[in-house]
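The whole structure should be built from the sequences, with the hints applied where relevant.
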Amino acid sequence: MDILLTALANVVTPTALLTLVLGTLAGILIGALPGLSSTMGVALCIPITFNMPPDLALILLGAVYVSSVYGGSVTAILLRTPGTDASIATALDGYPMAAAGRGGEAIGMATLASLFGGLVSVIVLLAIAPPLSKVALAFGPQEYTWLAIFGLVTIVGVVSERPVKGVLSAALGLILATVGLDAFTGEQRFTFGQGELFDGVPLLPVLIGLFSVSQAFNLCIPRDGGVLSGEAQRMQGRSLPYWADLKRCLRTLCRSSVIGSVVGILPGAGTSIAAFISYNEARRHSSHPETFGKGEIEGVAASEAANNAVTGGTLIPTLTLGIPGNAVTAVFVGGLTIHGMIPGPSLFTQHAESTYTLIVSLLFANLMFAVLGLWLCRYMVKVTRVPGAVLGPMILLFSLVGTYALRNEMFDVWLTMACGLMGYFMERWRYPAAPLVIALILGPILEVNFRRAMQISQWDLTTFFTRPLSLALCLLVVLALVIPLWRRWRQRQCAVA
Amino acid sequence: MDRAMTFHGIDRLVALIAAIVCFSVAVAGWGMRGDAGVFPIIVGGLGLLACVWLALTCRRAEGASQRPAPSDRQRLGLWCLGVVALLVLIEPVGTFIVLPLFLIFNLKLLARLSWRTTLLLAVGFTLGIYLVFARLLAVPLPAGWLAI
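Chains A and B are the protein sequences, given in the same order.
Numbering follows the UniProt record's numbering, in which position 353 of the first sequence is assigned residue number 353; successive positions increment by one, without gaps.
Numbering follows the UniProt record's numbering, in which position 52 of the second sequence is assigned residue number 52; successive positions increment by one, without gaps.
Misleading hints may appear alongside valid ones.
[As the list claims (entries may be wrong)] Stretch-level coverage of chain A by chain B, calculated; a stretch enters the list once three of its residues show a Cβ under 8 Å from a Cβ in chain B:
no., segment
1, 180-188
2, 401-408
3, 429-439
[Stated by the list, open to error] From the structure, some residues in chain A lie toward chain B, with a derived Cβ separation under 10 Å:
no., residue
4, P96
5, A127
6, K165
7, L168
8, S169
9, A170
10, F217
11, P387
12, F398
13, W459
[Stated by the list, open to error] Per the computed footprint, the stretches of chain B lying under chain A, defined by three or more beta-carbons under 8 Å from a beta-carbon of chain A, are:
no., segment
14, 38-44
15, 75-86
16, 119-129
Since the hints were made in silico from the structure, they are not lab data.
Using N, Cα and C, we set each Cβ at its ideal position, and we do this for glycine too.
Written out as structure tokens, the structure reads:
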């Protein structure tokens, strides 16, 4: 309890609140602008946090993350163009509502649902993360090896329509993770004599390159990159939903928030998956499912509560086990490490104050985006009309200067650029970038723990199956491999039938 | 570059290049001291398997005969030219000279904004970068000619 009060005291200082407001504003804007993702927003903010105290840095990154997920709903409702993939399901009912002159009501419900989902997910995070971190303290190298494999298997299976492309992307990430001085023997591996690579491939230039610079390419090269051409609906009607509608949606809000939090905990499953599952569940449980897709306020509530509930859920495995479940939490890991905080169970003991400050600040960030979102949404539609060719060069310059600021090395700038180019072609050629980044993070965890376990057991592979916890995690990996294959096989059988 | 190729052609090319990289990593791992090479051998092998799998299945994949959306070559060329110039000149000439020039080049040629808006955005953005990175965060950005 004391630690929570200390965290609360850290968040309510004027500097922290100002950081929270700025982070929330930036996040809403990034979320609203199509082409800019939550991942990119958090990646761009990391260099700014470099000289900040860790608490403030985490507050900023957390605020950008949660508010960018919400920001996508505004353009989804008023322009039928979701700012992020999290809000695709919101557009299904949000835009018809706006077209019928109920845009204000739709945005009001999206805001309240996002707030509800966000708050539930933070409570789940607060309830689950500390006990899970205590369990994780009992993990040995065998368990960490299986955990890293589990993280890789799940992300590969979900992010690409062809798993082989995910496997190749992850293999490339694992190869990059082997670069640098070997932690056990001191052997130089694939450094080509470059001193900058002795500590391994720096994570942040890779992240910023793959997620920010590649977006700058995407915005600038197409003639109409990032320009929204849809017909904008005006914010008409009341700006908050009716009390009767809120009461009617309460069950949907609760159900969607739980779905979002659970989906968030699973590695690989993102905000859009949670939003669609919740949307379908809301339709299935509705007494008038025929109204869904034609301007049903419950559809907006389901989608938005779920996608914001994912935010807290994704942080559970990231903070407690050091296993990022998706691209944005992978970037978050980068943000934590530059402040000397290594994600994992020790985060809740060695850096307890900063960790709890982050969690409490997420509560405030949710409240903040609700207030600022309702106030600013009518102006945000104008900002989304800024052409991509104007935003692109600015994003590129900010990314490059930010990368340079991390270590004052031009090598990092060139690396960022190379990764940006690679990210551009990966997207163009339909190769997912998230497995590469997650493999780059999990690679060292996997290698160090695998070799440690092998050395302890004197190269006896059965060590990975003889401990109860290790065996349980092994079964989890098997399930993660088998379930998608079984689903695919069933789909094929259904198609044949 | 990729306009003439279908997705399955691209996948084959990627599989070939990645296979060479993975094979090299695995071979290099073989020659490493102690158990330092175990992980490179495993991941190189995993990568090789993925390459074979990709090469064997790329023709059957959905949309394999399609081509990537055509990109505007003129814009791509201009953008790349600007980016290369930015990277090459940023150290010798200096951040606060190259940054506004890069923005003017792009905003004028790619975004086709008016001179007034272009200059306003270029100067405003550079000033913002100066205030955030050079003043607030005290980052020693390459000064170039302005250092003299």
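For each hint, the structure was consulted:
For the segment 180-188 of chain A, the assignment as covered by chain B holds, since 4 residues bring a beta-carbon within under 8 Å of that chain's beta-carbons and 3 suffice. Restraint check on the segment 401-408 of chain A versus chain B: 5 residues with Cβ-Cβ distances below 8 Å, three needed, restraint holds. Restraint check on the segment 429-439 of chain A versus chain B: 3 residues with Cβ-Cβ distances below 8 Å, three needed, restraint holds. Contact between P96(A) and chain B, as hinted, is not supported at the beta carbon level, the nearest pair being about 29 Å apart and thus beyond 10 Å.
Checking A127(A) against chain B: minimum C-beta separation of about 37 Å lies over 10 Å; hint violated. The interface hint given for K165(A) holds, since its Cβ lies 7 Å from the closest Cβ of chain B, which is under the 10 Å cut-off. The interface hint given for L168(A) holds, since its Cβ lies 4 Å from the closest Cβ of chain B, which is under the 10 Å cut-off. Given the 10 Å rule on beta carbons, the hint for S169(A) holds: about 9 Å separates it from the nearest Cβ of chain B.
Checking A170(A) against chain B: minimum C-beta separation of about 8 Å stays under 10 Å; hint holds. Because the closest C-beta pair between F217(A) and chain B is about 7 Å apart, less than 10 Å, the hint holds. With its C-beta approaching chain B no nearer than about 6 Å, P387(A) sits inside the 10 Å limit, and its interface hint holds. Among the interface hints, the one on F398(A) holds; its C-beta lies about 7 Å from the nearest C-beta in chain B, closer than the 10 Å criterion.
The restraint placing W459(A) at the interface with chain B holds, with a minimum CB-CB distance near 9 Å, inside the 10 Å limit. Interface restraint, the segment 38-44 of chain B with chain A: holds (5 residues with C-beta to C-beta distance below 8 Å; minimum three). Look at the segment 75-86 of chain B against chain A: 6 of its residues bring a Cβ nearer than 8 Å to a Cβ of that chain, three or more, so the hint holds. Counting residues of the segment 119-129 of chain B whose beta-carbon sits less than 8 Å from any beta-carbon of chain A gives 3, enough to reach three: the coverage restraint holds.
Checked against the numbered hints listed earlier, the structure breaks hints 4 and 5; every other hint is satisfied.
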